[in-house]
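K.L.:
Chains A and B, in that order, give the protein sequences.
UniProt numbering puts the first sequence at residues 1 to 298.
UniProt numbering puts the second sequence at residues 1 to 319.
Simulated from the structure, these hints should not be mistaken for lab results.
A few of these clues could be false.
[Stated by the list, open to error] A few chain B residues that face chain A, going by a derived Cβ cut-off under 8 Å, partial list only: (1) ALA36; (2) VAL39; (3) LEU40; (4) TYR278; (5) GLY294.
[As the list claims (entries may be wrong)] Short, incomplete list of chain A residues facing chain B, as computed with Cβ under 7 Å: (6) GLY31; (7) PRO41; (8) VAL166.
Heads up, the beta-carbon is just placed ideally off N, CA and C, and yes, glycines get one too.
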Amino acid sequence: MHLLGQRLLRAGNSGRRRRLPGRRFGVDLAGLVIIAVIAFPLYWMVISALKPRTAIEAGDTTPYPAKVTLESIRRVVVGDAFWLYLANSLIVALSVVVLSTFCAFLAAVALTRYRFGSRTKLLIMILVAQMVPVEALTIPLFFLVRNIGGVVPGLGLNHLGSLIAVHTAFTLPLAIWMLRGFVAAVPTEIEEAARLDGASSLTFVWRVLFPIVAPGVVAVSVFSFIAAWNDFLFAMTFIISATERQTLPVAILRFFQPDGNDWGAIMAGSVLMTIPVLIFFVLVQRRLTSGMAGAVKG
Amino acid sequence: MSRSTSARPRSGGDRLRLRTALRTGRFEPWLYLVPAFVVLGVMLVYPIYQLVLVSMYDYGQPQVTGAEPLRFVGADNYRRLFEDPRFWEVLSNTVIFAVLCVCGTLLVGIALAVLATRLRPWVRTALFLVSLGAWATPAVTGSAVWLFLFDPTLGLVNQVLVGIGLDGFAGHSWTYEKWSAFGLVAAQVIWCSFPFVMVAVYAGITAIPAELVEAARLDGASTLRVAWSVLIPMLRPVLTIVTIQSIIWDFKIFTQIYIMTSGGGVDGQNLVLNVYAYQQAFAANSYGLGSAIGVVLTLLLLAITLVYLHIRRRSGEVL
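Modelling step: build the complete structure from the supplied sequences, incorporating the hints.
P.N.:
Written out as C-alpha cells, the structure reads:
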C-alpha cells in the first residue's frame, strides 16, 4: 500500500513539475517496453498469418516476416466459405447495433426526460439486468429459440435472427445505461423551445434530441457491435447444423484439428476477424471521446 | 448530472405550465419503454424464469424429443449437485480463477494508469492505442494467439525458453497441468481486460486537483498520509466500479476457458461454472442439472450486484 501510495502521489503531481530529463527518459523507456509486450500477441498474429505454412510447421521464430506470403490468408478466404461467414457476422452485428440502439434511445428518453413513480425502480432493474450472467441462460434460450422457430422460422435455431434477437436483448441494459447520461445532458431549454415552436413530443425526440446525442449513440453502438461480433457461445449453441449460417468465431475453430492445428490459417482468420473491430474502434475513437466528455459534463 | 438550470426562477406562467405537462406525462414514457420492455421481457426475463423452472425438472434427451413426459423433481437436481464433489471443485475453481483474474487485472491496470500519468504524451498515446487494440481483440482470436504462443512444440515461448538453455521446456505443455492451464487463461484474460481499468483509473487520477495534494503537503502531511487520506479516498469511487465490474466479468468467463483448455481441460480439471453448466446440458444432455448450475451462478452474481448497489447507495450516488 505504501508503494502504491507513493506512486499515486507522484502521479498526482505529474505534468506540473519539471523532472530531470534522465529520469523521465527511464520512465518513457519502461513505457515503450510495456507497449511492446502488450502489442506482441497482435504483432505475432499478423506476422504468423503472413508466413508460409512450411515455416510455421518448422517452428520458425524469426520475429519479422522473412518471406511474406498470402498463402495462409488465401487458404482461409478461398478454401472455405469465408465471405459467407464474414457476411453472417456483419449482418448479425449491424442488425444488433441498429435494433439495440433504437430501443435503448427511446428507453433512455423515457427514463431521463420524464418523472414518474417507478422510474428509480426501473433504473435499478436495468442495473441488475446488466449483470445477469447471460451465459447461464444458454439452456432456456436454446429451448425458447427452438420453440419460436416453429412459429417464426427466421428467429429459430440455425437462423441468424436468433442471434440478432438475443444480442439485442443482452446489449440493451448497458446501452440504456450509457445513453441515459447523454440524453440527460441535453438542457431542458432546448426541449421547451422546441415545444413552444409547436413540435410534438415525437418530433422533438427524433428531429432534435436524436441528432444532439448522436456522438453518444456512436459510443454505445461500438459496445453493441463488439459484443455481437465477438460472440462465440450463442453462435455455437444456436447454429447447430446449418454451416452456411455460421459466424466467424465458430468458423475459425474449424482449423483446430486433433491431429495438428493449422496455425497459419487460424492466425490468418484471426487477423481477418480482428481487423473490422479495430477499424471500427479507430473510426469512432474521436467521436467516442467527445461523446464521453459530453456525457460527463452534463 | 444535476441540472442546475431547473432551479432558476422563470418568468411567464406559460413556460411553467408546459414544464408540468411535460414532466407528468403519464402515458408517454411507457410508450417509449415498450420496445425495450418487449425485447428484455422475451429474451431476458422469461429465460430467467425458465432457467429456474427447468432446474426443477428431470430434463434429458428423452424429454427434449418428447419421447418421455417431463417429470417435476423439485430440489432433486440441487441435491444431486450439492452432493457431488465435482460441483464443489468447480465452484472453488471458479472463485479462485476469478480472484486471480480480478487481482491481475486491477494490479496491471492501476500500475499502468499511474505510469501513463508520467509518460511523454506521444508514448502515452501509443500505450492507450495498443491497449485499445488488446481490448478490442475478440475473445476467440485472442485465445487462439495465446494458445499459439504457448504451443508445446511450435510456440514461440517454449522455443525461446529452450534457446536460453532451459531444455526442460522442450515440448512442455502449458495446458496439461491444472493451475498452469488456469494461469495461462488468466494471463490472456488480464491482457484483454486491463485496458478498461487503466483508462478509468487514469481518468480518475487526472481529475484530482494538484492543489489538494499541495495543500495537504503544506499542512505537513507525510507522503503516506497524503496517499492514504487524500488520494485513495478521491479514487475510491473509480476503484469500486472497476473492481466490481471486473469481478462480474471474470466470474462469467466462458470463451477463453472453452477454447484454451478444449472445453474444460484434461478430465474436466479446468471447468468453471459456466462451462460446467454448458457441458452438463449440451454434452451430457442433463438440461435440468445444467440449469441448476446456471441458477447457482446467477445467484452468486446477484449477491455481488447487491453489494455493488449498496456501496453505490452509501457513497451517495443518485440514480
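K.L.:
A separate judgement is required for each hint: does it hold in the structure or not?
P.N.:
The hints, checked one at a time:
1. A hinted interface residue such as B:ALA36 counts as satisfied when its beta carbon comes closer than 8 Å to some beta carbon of chain A; here the least separation is about 4 Å, so the hint holds.
2. Satisfaction of the interface hint for B:VAL39 is found here, the shortest Cβ-Cβ separation to chain A being roughly 5 Å, below the 8 Å cut-off.
3. Proximity of B:LEU40 to chain A holds as hinted, the smallest CB-CB distance being about 6 Å (cut-off 8 Å).
4. The restraint placing B:TYR278 at the interface with chain A holds, with a minimum CB-CB distance near 6 Å, inside the 8 Å limit.
5. About 4 Å separates the beta-carbon of B:GLY294 from the nearest beta-carbon of chain A, less than 8 Å, and the hint is met.
6. Because the beta carbon of A:GLY31 sits about 5 Å from the nearest beta carbon in chain B, less than 7 Å, this interface hint is met.
7. Below 7 Å, beta-carbon pairs count as interface contacts, and A:PRO41 has one with chain B at about 5 Å; its hint therefore holds.
8. At a threshold of 7 Å, the smallest CB-CB gap from A:VAL166 to chain B is about 6 Å, leaving the interface hint in force.
Violated hints for the displayed structure: none, as all numbered hints are satisfied.
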